[in-house]
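**Q** Could you put together the complete structure from these sequences and hints?
Single-letter residue listing:
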Amino acid sequence: MSDPSPATVAHTVDSVENAAATPDVEQPYEALGVKPDEYARIRDLLGRRPTSSELAMYSVMWSEHCSYKSSKIHLKQFGEKAPDVDFLLVGPGENAGVVDVGGDLAVTFKIESHNHPSYVEPYQGAATGVGGIVRDILTMGARPIAVMDPLRFGPADAPDTHRVLPGVVRGIGGYGNSLGLPNIGGEVVFDACYAGNPLVNALAVGVMRKSEIKLAQAHGPGNKVVLFGARTGGDGIGGASVLASATFDEDKPAKRPSVQVGDPFMEKVLIECCLEIFAEDLVVGIQDLGAAGLSCATTELAAAGTGGMDVQLDLAPLRDATLVPEEILMSESQERMMAVVTPANVARFFELCEKWDVTATVIGTVTETGRLRMTWHGATIVDVDPKTLAHQGPVYERPYHRPSWQDALQAATPDTLSRPKTGDELRETVLKLAAGPNLADKSWVVQQYDHRVRGNTVLAHGEDSGMLRLDESTGLGVALATDGNGRYTKLDPYSGAQLALAEAYRNVAATGARPLAVTDCLNFGSPEDPAVMWQFAEATRGLADACQILGTPVTGGNVSFYNQTGEAAIHPTPIVGVLGVIDDVTRRTRSAFTGEGDILLLLGDTRDEFGGSEWAHQVHGHLGGLPPKVDLERERLLAEVLIAGSRDGMLSAAHDLSDGGLIQAVVESALRGDMGVRIVLPGDLDPFVALFSESAGRAVVALPRSEELRFTDMCRFRGLPVARIGVVDGGAVEVQGQFSIPLGELREAHTGTFPALFG
Amino acid sequence: MARVVVDVMLKPEILDPQGQAVQRALPRLGFDGVVDVRQGKRFEVELDGPADEAALARVREMAEKLLANTVIEEFDVRVEA
Amino acid sequence: MARVVVDVMLKPEILDPQGQAVQRALPRLGFDGVVDVRQGKRFEVELDGPADEAALARVREMAEKLLANTVIEEFDVRVEA
Amino acid sequence: MAPAIGVVTFPGSQDDQDALRAVRLSGASAVPLWHRDPDLHGVDAVVLPGGFSYGDYLRAGAIARFSPVMESVIAGARDGLPVLGICNGFQVLCESHLLPGALIRNGGMLFVNRDERLRVESASTVWTADYAPGQEIVIPIKNGEGRYTADERTLDALEAEGRVIARYLDNPNGSARDIAGIANAEGNVVGLMPHPEHAVEELTGPYPGPATDGLPFFTSILKHLVSVSA
Ligand SMILES: Nc1ncnc2c1ncn2[C@@H]1O[C@H](COP(=O)(O)OP(=O)(O)O)[C@@H](O)[C@H]1O
Ligand SMILES: [Mg+2]
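As given, the protein sequences belong to chains A, B, C and D, one line each in that order. Just so it is clear: in the first sequence, position 237 is 409 by my numbering, and no numbers are missing. Just so it is clear: in the second sequence, position 55 is 410 by my numbering, and no numbers are missing. Just so it is clear: in the third sequence, position 11 is 366 by my numbering, and no numbers are missing. Just so it is clear: in the fourth sequence, position 8 is 251 by my numbering, and no numbers are missing.
To be clear, the hints were calculated from the coordinates, so they are not data collected in a lab. Among these hints, one or two may not hold up.
[Said to hold, decoys possible] Simulated DEER-style distance windows between Cβ atoms:
#1 B:366 <-> D:357: 50 to 60 Å
#2 D:357 <-> C:405: 47 to 57 Å
#3 D:318 <-> A:541: 51 to 61 Å
#4 A:930 <-> B:419: 37 to 47 Å
#5 A:576 <-> C:384: 24 to 34 Å
#6 A:821 <-> B:366: 57 to 67 Å
#7 B:419 <-> C:434: 24 to 34 Å
#8 A:329 <-> B:431: 50 to 60 Å
#9 B:425 <-> A:779: 50 to 60 Å
#10 D:357 <-> C:370: 44 to 54 Å
#11 A:194 <-> B:434: 32 to 42 Å
#12 C:358 <-> A:575: 52 to 62 Å
[As the list claims (entries may be wrong)] Lysine-lysine pairs mimicking BS3-like chemistry, simulated, CA-CA at most 25 Å apart:
#13 C:396 <-> B:396
#14 C:366 <-> B:396
#15 B:366 <-> B:420
#16 A:396 <-> A:253
#17 C:396 <-> C:420
#18 A:253 <-> A:207
#19 C:396 <-> C:366
#20 B:420 <-> C:420
#21 B:420 <-> B:396
#22 A:593 <-> A:604
#23 A:396 <-> A:559
#24 C:366 <-> C:420
#25 A:244 <-> A:207
#26 B:366 <-> C:396
#27 B:366 <-> C:366
Bear in mind the structure is a predicted one, so any value in this text is a computation, not a measurement. From the three backbone atoms N, C-alpha and C, an ideal C-beta is built for every residue, glycine too.
**A** Okay, here's the thing in structure tokens:
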């Protein structure tokens with residue numbers, strides 16, 4: 173496999189010279205998704221037509237995915253409304269945000285989507301999704317320490333779901349397990365709106381010393397640009413072939429794979445190799461190669477640094493010798509990184525790569541020319557100002573307006589739906605919800621994930637948040653939860669996004685950790701549809717406002733548009749991840765009821781709120797009305813109480829209330845602790861509402877009688893409504909005067925669903 | 356009773372981490388002169404009937420549907436000599 | 356340049372969970388008349404030299420040592436037509 | 244000076260840090276060993292940790308078995324060096340023919356991570372002496388190729404010689420005769436599919452517990468090493 177010799181290639185590539193000399197050559201920009209006005213803009217930025225390589229770079233860098241051209245003006249709010257906090261070390265704009273968690277430790281975390289690839293090839297799509305987000309975390313200088321996977325699928329019984337879900341789950345497990353990263357949480361939610369548009373979001377978290385934070389910058393003229401990791405293949409560059417064939421009209425290049433295949437083993441050694449390189453402080457700057465591969469890495473590094481870079485593209489190690497420059501620039505081959513290294517450190521850098529069997533090649537040099545120049549066997553094929561690629565992409569103010577159907581949707585309240593009245597009807601409903609695919613036990617999924625590796629997993633699946641020990645000596649740890657209810661957001665995008673944050677925030681607090689910062693993945697339909705754009709505008713506004721009130725800044729995230737089939741968009745689905753800190757992980761609170769005789773307390777207010785509820789969805793297939801009311805001050809108060817109760821050792825269990833309401837939370841905690849409960853509902857509330865309402869800002873806690881007074885006094889003193897609703901006792905979930913369900917029967921209903929569907 | 360063999364290999368343009376791992380190991384074991392290794396699957400399917408055209412067509416359908424992931428793999432069906 | 360193929364299959368007496376899983380799945384997909392399925396591996400080894408006896412002997416050694424676990428697997432080496 | 248127990252890191256090893264932690268918690272001194280370095284640095288025992296060495300792409304453990312460090316481990320094991328192979332380490336020991344049989348894909352085809360109930364069948368190895376024979380313990384498993392298999396003769400021999408050291412009480416993967424772990428004839432080499440290094444701390448061990456049933460694997464070897472050095 174030898175590179176074509178300069179002689180044969182030089183005349184076939186579209187050089188800058190050639191571009192200047194042939195201004196009128198037709199270029200297939202539209203086939204690359206570049207709009208006519210964008211193409212015109214490229215031409216006057218360059219003062220000539222772009223070479224086909226330059227056009228390739230602009231087309232990927234100015235794509236929705238890389239330039240955020242439709243979302244930018246809305247994402248701005250996350251910065252403008254950011255609460256001013258002292259713990260934010262790196263905010264949005266870098267590969268991932270970084271927060272100060274105390275001591276000399278910093279934590280970086282980010283969520284990203286790999287939705288469409290996972291629909292096309294579930295295993296590889298999901299696997300490479302995990303690989304990509306983990307590289308973002310690594311790029312910040314951190315050791316990746318865990319992953320999470322919020323997932324959305326079409327109906328649980330749909331044939332295509334049985335193609336997609338098992339592959340996605342195996343892919344997330346197959347890649348994450350092979351990296352030695354514990355999976356500490358996620359979501360599996362089914363809804364018809366995700367048929368054909370499954371959501372595969374992946375969150376990764378990493379830890380580093382504050383002094384070790386790395387940035388994507390190419391500083392220092394004369395410093396070397398090193399490409400290392402996997403060789404470059406023709407992965408994910410369907411688009412580029414237009415250019416290739418345009419340049420090589422004689423012999424068209426070989427077929428290019430549209431599917432990227434991940435190599436977790438390569439990524440694992442890349443991680444260990446990078447961490448040793450970081451430990452010896454051998455890099456000036458570093459960038460992962462994700463979407464837009466080499467185009468993105470070179471331009472972002474150059475644009476953020478001294479400003480110039482010379483790259484000899486023909487030095488890039490290839491997996492497929494037939495690749496042409498345009499394709500190499502667009503390739504999305506996985507498991508590749510780019511570093512900027514001082515000449516003095518290059519030798520040691522290469523020693524460490526050799527130690528880990530990682531291929532590394534110097535392909536360029538940092539310059540102060542302010543230009544990104546690339547040559548291919550001597551011919552200059554790229555000569556651009558990198559800032560025009562990285563930062564001066566198009567910005568759209570897409571038209572948006574509240575869809576005509578929104579009023580009708582909100583008017584169609586669930587009030588008219590028939591509600592269970594008798595004890596038997598309530599009993600039936602409890603079992604039906606507990607067995608429904610959305611609320612059913614997810615062991616079939618999470619057993620395919622290693623949640624123990626690294627030995628610091630304090631809490632994982634089945635708890636309100638995943639919790640990791642960071643420091644074995646002090647017990648310092650972090651907790652993470654992700655949430656996002658598409659039904660709520662469809663009913664009201666502004667409050668739906670806030671409810672997503674509120675729930676993740678509540679989940680983190682329920683385990684005893686103090687919520688600190690946010691990452692978000694905004695999954696929406698087509699931004700070209702004004703109704704979708706309105707959902708997006710409302711959701712971002714709602715999230716930004718809520719983050720400001722709760723004091724939890726957005727540190728980074730990702731936008732996924734075009735999740736739709738034809739005219740039908742998915743429910744707007746912002747997935748919000750909240751990171752919390754806990755000073756001593758041994759103080760954590762679990763969700764299981766374990767103390768015979770413990771008192772059960774319900775915290776917060778319960779209203780008649782069923783819009784977008786799991787009950788309306790699962791029992792009546794109904795979606796309409798308004799989502800539960802948002803009260804962020806109440807969420808903050810509830811969190812303070814839960815954290816104090818956990819820290820002072822008052823609580824033996826805590827569980828947040830969300831989908832399915834109080835009774836679902838009680839069922840989960842009872843099954844987890846294998847202990848029954850006797851519930852006596854507050855007299856003033858209708859039993860159905862008390863059991864199934866999804867009012868926000870609530871949690872159920874269990875505590876020893878000896879702690880009851882101290883705890884309830886604290887609640888009353890702080891003004892948090894608290895009601896005693898029963899005791900932990902016996903072998904059944906009993907609601908006095910209504911029904912009783914033996915744990916065995918509940919467990920069968922709750923755990924049988926997934927094996928029956930996918931086993 | 357007839358035996359039909361189905362060979363399933365990754366398409367040539369698709370990355371093959373398995374084959375690469377083997378290829379990288381060979382020199383360390385003292386085997387040189389190997390320029391490429393691809394690893395795939397081999398299925399031996401025993402039919403209760405004869406391996407006539409109809410049967411082969413059915414096996415091809417099996418390969419298409421189940422044995423191979425045609426998004427990234429290609430397959431070859433043949434009667435074992 | 357010559358291509359040598361190495362087929363690796365579990366020994367008949369070793370049970371083959373993967374093959375069994377495939378066989379169990381077939382009827383559900385409407386494929387009957389399959390009495391047994393065994394799943395193994397297929398390696399395509401590209402040599403830079405010719406596939407002469409010496410080369411084949413080397414590949415057999417590779418298979419013996421690395422490609423197959425002879426505790427549970429047997430292998431077959433042949434030159435691709 | 245406490246006995247030294249080495250933990251080998253192969254490319255793709257994942258539970259090496261956990262094994263090192265477990266060794267430390269047991270009171271021995273933990274020594275990281277590197278796959279390329281044939282020098283065992285004078286350790287008194289070796290743990291081959293879990294993970295996916297070389298991606299487990301060919302067969303779990305197949306490629307790691309040929310690394311320089313294994314030359315020394317194999318030679319040492321034949322001279323009585325205590326060696327514990329956990330999960331991927333067990334697979335490496337089988338590939339190295341230090342232990343009979345092989346580990347193949349799980350019956351259910353899927354990777355399985357869960358807390359497993361085991362019965363300790365033999366307390367007469369240097370790695371299991373701290374258990375009571377027949378003791379029931381809870382240790383996590385996490386593997387996709389953990390199904391132990393061997394020909395009937397080998398299985399009968401293992402039984403007859405009391406070399407099955409642990410059995411599953413609820414066989415998770417179709418392992419022959421519910422085998423979770425075995426020893427060589429001398430009892431110095433033990434392979435175990437479950438992960439005792441993930442059952443050594445109340446905070447992170449199996450839930451609801453017991454959480455620390457894995458610790459005796461490490462205290463057993465420590466006591467043995469102390470007694471022989473005394
Ligand atoms: N929904 C969002 N909220 C906050 N920041 C975002 C969001 N979407 C993207 N960003 C930020 O924009 C920057 C570019 O995103 P992206 O191109 O996905 O980064 P990368 O290519 O490194 O994954 C990142 O810093 C990311 O955190
Ligand atoms: Mg990045």
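**Q** Work down the list of hints and note, for each, if the structure agrees.
**A** Verification of the supplied hints:
1. B:366 <-> D:357: 50 to 60 Å: violated (36 Å)
2. D:357 <-> C:405: 47 to 57 Å: holds (52 Å)
3. D:318 <-> A:541: 51 to 61 Å: holds (59 Å)
4. A:930 <-> B:419: 37 to 47 Å: At 23 Å between Cβs, range violated.
5. A:576 <-> C:384: 24 to 34 Å: Violated: the Cβ-Cβ distance is about 45 Å, outside 24 to 34 Å.
6. A:821 <-> B:366: 57 to 67 Å: holds (59 Å)
7. B:419 <-> C:434: 24 to 34 Å: holds (28 Å)
8. A:329 <-> B:431: 50 to 60 Å: 35 Å Cβ-Cβ, so the 50 to 60 Å window is violated.
9. B:425 <-> A:779: 50 to 60 Å: Cβ of residue 425 of chain B to Cβ of residue 779 of chain A: about 53 Å, so the range 50 to 60 Å holds.
10. D:357 <-> C:370: 44 to 54 Å: violated (23 Å)
11. A:194 <-> B:434: 32 to 42 Å: violated (57 Å)
12. C:358 <-> A:575: 52 to 62 Å: holds (59 Å)
13. C:396 <-> B:396: Since the Cα atoms of residue 396 of chain C and residue 396 of chain B sit roughly 4 Å apart, the hinted pair holds (cutoff 25 Å).
14. C:366 <-> B:396: holds (16 Å)
15. B:366 <-> B:420: Holds, at about 16 Å.
16. A:396 <-> A:253: It is violated: about 39 Å lies between the C-alpha atoms, which goes past 25 Å.
17. C:396 <-> C:420: holds (15 Å)
18. A:253 <-> A:207: Distance of about 33 Å is beyond 25 Å: violated.
19. C:396 <-> C:366: holds (13 Å)
20. B:420 <-> C:420: With a Cα-Cα distance of about 35 Å, the restraint between residue 420 of chain B and residue 420 of chain C is violated, given a limit of 25 Å.
21. B:420 <-> B:396: Holds - the C-alpha atoms of residue 396 of chain B and residue 420 of chain B are around 15 Å apart, at most 25 Å.
22. A:593 <-> A:604: holds (15 Å)
23. A:396 <-> A:559: holds (20 Å)
24. C:366 <-> C:420: Holds, because 16 Å separates the two Cα atoms, which is no more than 25 Å.
25. A:244 <-> A:207: With Cα atoms ~18 Å apart, residue 244 of chain A and residue 207 of chain A stay inside 25 Å; holds.
26. B:366 <-> C:396: holds (16 Å)
27. B:366 <-> C:366: Status violated; Cα separation ~28 Å.
When each numbered hint is compared with the structure, violations occur for hints 1, 4, 5, 8, 10, 11, 16, 18, 20 and 27.
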